[in-house]
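K.L.:
One-letter residues, chain by chain:
Number of protein chains: 6
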Amino acid sequence: MLTSQNITGVVRRALAEDAPWGDVTSAAFIPAGTTAAAALIAREPGVFSGGEVFVAAFRELDPALRVELAAADGDTFAAGQALATVTGEARSILGAERVALNLVQRMSGIATLTARYVAEVAGTAARVVDTRKTTPGLRALERHAVRCGGGHNHRFSLSDAVLAKDNHLAVLTASGRSVTEVLLEVRAGLSHTTHLEVEVDHIDQIEPVLAGGVDTIMLDNFTLDELREGVALVAGRALIEASGNVSLETIGAIARTGVDVISVGALTHSVRALDLGLDIAVGA
Amino acid sequence: MLTSQNITGVVRRALAEDAPWGDVTSAAFIPAGTTAAAALIAREPGVFSGGEVFVAAFRELDPALRVELAAADGDTFAAGQALATVTGEARSILGAERVALNLVQRMSGIATLTARYVAEVAGTAARVVDTRKTTPGLRALERHAVRCGGGHNHRFSLSDAVLAKDNHLAVLTASGRSVTEVLLEVRAGLSHTTHLEVEVDHIDQIEPVLAGGVDTIMLDNFTLDELREGVALVAGRALIEASGNVSLETIGAIARTGVDVISVGALTHSVRALDLGLDIAVGA
Amino acid sequence: MLTSQNITGVVRRALAEDAPWGDVTSAAFIPAGTTAAAALIAREPGVFSGGEVFVAAFRELDPALRVELAAADGDTFAAGQALATVTGEARSILGAERVALNLVQRMSGIATLTARYVAEVAGTAARVVDTRKTTPGLRALERHAVRCGGGHNHRFSLSDAVLAKDNHLAVLTASGRSVTEVLLEVRAGLSHTTHLEVEVDHIDQIEPVLAGGVDTIMLDNFTLDELREGVALVAGRALIEASGNVSLETIGAIARTGVDVISVGALTHSVRALDLGLDIAVGA
Amino acid sequence: MLTSQNITGVVRRALAEDAPWGDVTSAAFIPAGTTAAAALIAREPGVFSGGEVFVAAFRELDPALRVELAAADGDTFAAGQALATVTGEARSILGAERVALNLVQRMSGIATLTARYVAEVAGTAARVVDTRKTTPGLRALERHAVRCGGGHNHRFSLSDAVLAKDNHLAVLTASGRSVTEVLLEVRAGLSHTTHLEVEVDHIDQIEPVLAGGVDTIMLDNFTLDELREGVALVAGRALIEASGNVSLETIGAIARTGVDVISVGALTHSVRALDLGLDIAVGA
Amino acid sequence: MLTSQNITGVVRRALAEDAPWGDVTSAAFIPAGTTAAAALIAREPGVFSGGEVFVAAFRELDPALRVELAAADGDTFAAGQALATVTGEARSILGAERVALNLVQRMSGIATLTARYVAEVAGTAARVVDTRKTTPGLRALERHAVRCGGGHNHRFSLSDAVLAKDNHLAVLTASGRSVTEVLLEVRAGLSHTTHLEVEVDHIDQIEPVLAGGVDTIMLDNFTLDELREGVALVAGRALIEASGNVSLETIGAIARTGVDVISVGALTHSVRALDLGLDIAVGA
Amino acid sequence: MLTSQNITGVVRRALAEDAPWGDVTSAAFIPAGTTAAAALIAREPGVFSGGEVFVAAFRELDPALRVELAAADGDTFAAGQALATVTGEARSILGAERVALNLVQRMSGIATLTARYVAEVAGTAARVVDTRKTTPGLRALERHAVRCGGGHNHRFSLSDAVLAKDNHLAVLTASGRSVTEVLLEVRAGLSHTTHLEVEVDHIDQIEPVLAGGVDTIMLDNFTLDELREGVALVAGRALIEASGNVSLETIGAIARTGVDVISVGALTHSVRALDLGLDIAVGA
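Chains as they are written, first to last, in our numbering: chain E, 1 to 284; chain G, 1 to 284; chain P, 1 to 284; chain X, 1 to 284; chain Y, 1 to 284; chain U, 1 to 284.
Because identical chains cannot be distinguished in the list, a pair is counted as satisfied if it fits within a single copy or across any two copies.
Mimicking EDC-like on lysine to aspartate or glutamate, the simulated pairs with C-alpha atoms at most 20 Å apart in a straight line are:
| id | residue 1 | residue 2 |
| --- | --- | --- |
| 1 | K165 | D201 |
| 2 | K165 | D279 |
| 3 | K165 | E89 |
| 4 | K165 | E207 |
| 5 | K165 | D220 |
| 6 | K165 | E226 |
| 7 | K165 | D204 |
| 8 | K165 | D215 |
| 9 | K165 | E181 |
These aren't lab readings, by the way, just hints derived from the structure by calculation.
Next up, chain E with everything else stripped away, as it sits in the complex (with noise of 0.2 Å):
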């Protein structure tokens, strides 16, 4: 679901900001018409996210490079496997290198640790899913990227569908009007294909807003038997998303109370790059 556009806004972003002017290494060392070969080796195993950004940033810095992907997004590697392939200009490989890690070890580093957190809930019901906590420009590579892990996505921004909190909530509330009646005023006002998911602090906010008619009900903060609780209460009459305190030690517990969704903002704020090499001979 990445666009081209997507894709390449990012990349020429990145090599304008690592080479403004040009790389004065390669300009002095290496010659014009030197050509080399190089192999994106994975240092570490781990979940293959990015190959269509990792060809971008070579190619969109020299056309004439040839990339070629030997595995496809969502792969699974082993250390020392090679993922792609790059030939041509040397200056060209050596120029677009750095941007090309950057982006693919972030990406897989994202798709690697979610299929951590996937793998915890397997057997269960619950799906794995994002947050809006990304790094700022980067939020479709990275949404691919939970996909690619196996995750799902929650909504991509404000925009797209409601997720409203105690804040929101108050508001309306302040002057009398009951949290039913309220959501059911705002759900009049939507669109129709817009999803309305609300959050909830305790057990007792749960009835009212089902009978607010939401899709999803978001348990925030719950303990695990809060949880179980607020499943049974449910009862199918919308989806549950749990969140907060989510690790890949929790996670699997939370999962088991019959959750449906349970959201993971460290999948995308906290990324350890994949240690993926560029393995390079110049002159090949």
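Dock chains G, P, X, Y and U against the given chain E, drawing on the hints supplied.
P.N.:
Leaving out everything else, chains G, P, X, Y and U in the frame of chain E:
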């Protein structure tokens, strides 16, 4: 050393990404004209970075918002400390909240991590520096964050300094010329303001590289013993940068070998967002 | 739900297009420093939309202009009514006049037409919604205008909701799987916030589509009798959208069949600019 | 006279607007690699405009698509006629379909309407011209469409020709100078390539304006009798433009008064999209 | 006739180019909060141009700077004269200094050179005009500078007027049609506001070109005698532009042949920056 | 060291500026499909620069044009020599001609002038360098041209090297600290790759500045005797840059004083476009 253009470019892209056609939740729940007051609160201790960016995120969305910083970039703070306040139109505060947090959490995460590395080298002459392993599009901001944490910056990009690796040297020495000869020729062609740094992998490469007149010699993946030997051999004839296998556990010992510069990719390639939250009182 | 970025982008492009290197007429005839007062006057009755855009057109060209709105978006007005006033430098007012009018006439034209459609469905439960047949580059503004006229919005783009037509279904069912099976699988892969709408052309497609768990079923080019039959068959198991051959003459009867949503391409694909004029007194 | 930059700018913005983060429907239903064939079919007769734009919409999204035009801009076509074909990746065709149609329907709508106006003035020396009442961002395309329909263009913008109205003249004549004197002075300051057109509202303004040496005199809201009188009075000393209250019903009579140019805002300010459809066979 | 968009676009690009990631010198030496006062001083006499651009360079970088102009565009000044003052944050003044000077020196250089050409034609009816030989990206500014020096502008671009050379005519006359015939046909197809100018190289081309109804005839590389002959031949039936071999030494004699327009590429293609300096007192 | 992004950005802006809505002359006179052949011919001798930019101007407008370079950047050429050829669609060649020439004439003008300065310092160790007095928006291209002429580049921008003048030093020494002390402190805060250059106006400032550990000392407006004295005093402890009052007449003597670097603002601030012409044969 951040420019307003550096900040504005990032913030505008982030706001457009996070609300391409408005905030459906606020539009539904928060009547226009409702005011709010918000405080940026540290949920954990750390080093602050990104104050100007935080301000810009809110004021770019709504120039009428009032944003006051209670901490300066580089300040250390405790958990629970208030770092900034925002007051004005509730819709505007909620609309910029996520973008502001995503940026300030990331920048403060980098500053805080950098400060930990810097603390490890206290009492030595070594400086901790970043690399080009930054997030595409955010390099100027992330390098600023490194400085907030007490670190220094390496070259910004491929354009502003030379960093030659084995691949670079191999091409020219392949034709039979010595490394020293090649480096002297390269230097003659560089701008007089361009720093010349060369990476070596073995101790016996040091002397010919020094004879080439470099400004900095990078000792890559040297053991501590090799580093000490290198420091003795260079004897002040060039700056020495250590790189490779640098972690919080190893950096102190590396610094005590007498090197001048230690580059740490982890400062920016694997950022954990610091836990800063925005406490919002709508209707306040 | 318009953002200032939505408005600013359109207005800047329009001003640059309309005066790429200045206004030769004003430069020749109007001495710098000459002031003027202008009023936006309705030459025919209608529903107002685009107030913020009107203000932005003038103030983007000259932040010193004072623009006061006398009508709010969504207000109904009579012929002859003053909707806004502008005062300040005459050159600036004349320079932004055409851009401001082009936008507010178009938006008010859409709002006014939408209101006529909405009036035709009064007393029914049906809502009038727009389509993706908007003017390239102006979608956010035109959808806002539809809301000003009392209409609702359909999905904004290809990214934020699913609308599957026969072509989409044909590919997967070609391999022998049933529509129901395909839809259940698709749903499992979608974000939990993504609305799933499927178009059908015949009454007997309804049951298998409903079994696939869709949120909305679109009955395309159904006769009134077929619509009534469809409404009875669906019986509240999904929302029903009617589309095709919708005009001011037909929409009332369509609404009375009991459908929930009626999409009208004509709201935006064939806009008549409303006749609003700017009465300018130079030297005032 | 359209440039590739005119077209590309519009098409890129439109594609980004219509799929900011991909096409969720195609991603769910159409496997990558599925091909399709599509034909652009006229559902009603008209005049074609926008062939290059149609091609660009598809090829900007996917340069591998093959697009063949079966009609040239300016060609008249019948209902049912095939105007273009597109073959290639089904996801790409479906992804650009709406943008391509929105543009070509609008442009052909303008061309077709223009042709009707032009037909009404057949046999006279009058030309039908557009105005600056175009859609913000699409002026170059809409003016091209007017030419496809047999119309001519007025000035493109405020920058490339003078069109002085009463407000412009009022400022300088307020100080006691005659219109003639003012116009002669203005002319002396204009670029020698800049056309000077002045609007008059009454027959007795014609002589002093002509004495000022204008290239074109615009007779605004003149009756047919007044136009005839104006034509006789001007007697070839300047071009004559008629404007105001021009419709398909009135333009023939206006043209027969002997005026040279008739400007018609309705050509672009109130466009009905022509009914052109894309018949797509996925898997073809 | 400069627009704020013309100015802002140039200034923003220039500031980003001159400080892509801040000013390392000011950051190191000038504490934040240090103020300064600066004066723009003429080191040589000339004609001022670029006041608005000078202001914009400083205020775009820092809206809090106060910039006062002591000269208006078009004013003549003596060596030593103060033309503007700037006060505020020292870092900001030093940060925009080079960009502001580069622009105002160039524009005033053009204005000053133009004024010398204009002085040479004093007492004749000829006007001095620029060409399209401007600096890419700065055309609007450079044409403004020509006007400040008392010159006039030729067409702005390929889009706003016709200038046909032998190559253009050759194609159509190759098929046996006369120049006159071709020009009459071309005129019929042009917008009524588009000026038609045709270049001729020999005296005997004049009559057929005039018969084609051109607005201006360009006599290219004519001797003074030929120009006089041409002026006599044209006899007011069209404007006459002389071009080719125009210098400060030759323009006076060319003007005295009676031509209307003399185009001078040197006004903009070979600019000497005027020596204007910024005297800065930091801490003032 | 030019990047394709450096070139493309300039060329696109220039083409849009030179033909915002097409080329009315070619549209009127040159039928689509007419081909042409063009040759870039030197009308005077010089040094070539801008080959890639010349190619890009044509191919950005029309990727189907064939452009062959007959000279490499840095080549010396004679009057009459052919430097490049272009073949393809005549409209495209005429449409990009002016932009291509404006750029290649300017760049070759800079290269040619630089070569003259470089020739004057032949036999000395001094290098000729440019300054930041470049044309806004064209810095990367103009610096490339300086290199083509045998010159070197100074720092690119305010961001990549320190150049401290009296104003910078005054602020910190005002508080009683010595220049040496201030410089040592500044150096400690700079990136290890950042070059530190300091300007001095008097011979007695040299010693304290050297003691501060600078890389380059700039001797501004020194007489030849003072320069010789400075060179002797510095004695290799830093690089020496001479600046001020450098012209073709003076640079030889300055170089013979033994300085290392001579900066020449005139290389870029006062460019004479070299006379290169495009001979076009339409229909060829």
